[in-house]
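Q: So the sequence lines, in the order shown, correspond to chains L and B. The first sequence begins at 1 in the working numbering and counts up by one. The second sequence begins at 1001 in the working numbering and counts up by one.
FYI, nobody ran anything at the bench for these hints, they're computed from the structure. Check before you lean on any hint, since a few could be wrong.
Unchecked claim - Result set (SDA-like, lysine to any residue): computed pairs, CA atoms no more than 20 Å apart in a straight line:
{"#": "1", "chain 1": "L", "residue 1": "Lys55", "chain 2": "B", "residue 2": "Pro1105"}
{"#": "2", "chain 1": "L", "residue 1": "Lys107", "chain 2": "B", "residue 2": "Lys1013"}
{"#": "3", "chain 1": "L", "residue 1": "Lys110", "chain 2": "B", "residue 2": "Gly1058"}
Stated by the list, open to error - Examples of chain L residues lying across from chain B (beta carbon under 10 Å, computed):
{"#": "4", "residue": "Val13"}
{"#": "5", "residue": "Ser42"}
{"#": "6", "residue": "Arg50"}
{"#": "7", "residue": "Lys95"}
{"#": "8", "residue": "Ser100"}
{"#": "9", "residue": "Glu101"}
{"#": "10", "residue": "Leu103"}
Note that beta-carbon positions come from the ideal geometry of N, C-alpha and C, so glycine has one too.
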Amino acid sequence: AQTVTQSQPEMSVQEAETVTLSCTYDTSENNYYLFWYKQPPSRQMILVIRQEAYKQQNATENRFSVNFQKAAKSFSLKISDSQLGDTAMYFCALKSEGGSEKLVFGKGTKLTVNP
Amino acid sequence: KAGVTQTPRYLIKTRGQQVTLSCSPISGHRSVSWYQQTPGQGLQFLFEYFSETQRNKGNFPGRFSGRQFSNSRSEMNVSTLELGDSALYLCASSAGLANTQYFGPGTRLTVL
């Protein structure tokens, strides 16, 4: 069975600083996809960033970047220049390459950006 | 493009009743998945549909069912509601297996 673990239930960061959220996962598959989703208090789940396991290069989206360590099964999210609007729950998720759209989610990290 | 829409946004039911939730995917998306989100269990996969066929199902009792129509809109039904069914139900759509899922705003179900 696939599992995703987020070991930091809550984190806080000062505005304009950098923060890193941790995620580890377990899968027996060689090809898969990893995602970070953000869920602000409005409850709408929003995609932050996506990584294909076969790509060695770490994904980057503006202020968001990942550190993907396939051998260690680690997928951390770095948020640079944190903004108040980054305050949200962040979920790490894993999806197999084929056959199903099923996402396996971690329990989430509640991030608070302080002014 | 319009995003994933879910109706209703909020619902209050009593134990023993049944409920139907609706999800309209992004135009052109044929895959729809449903998730249940609770504080205790987190986000759990319910089922997914592609081209009107259920492709995968999570570990939920038979009281939870769903279907997909020819226009890719999907509904999920929960019969004989229990207090533990109180949750945020999220729907997600994607253009295919190699593509990202995009989520709707969710339906908040409260069972009294």
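Q: Could you tell me which of the hints above the structure violates, numbers in ascending order?
A: 1, 2, 3 and 4
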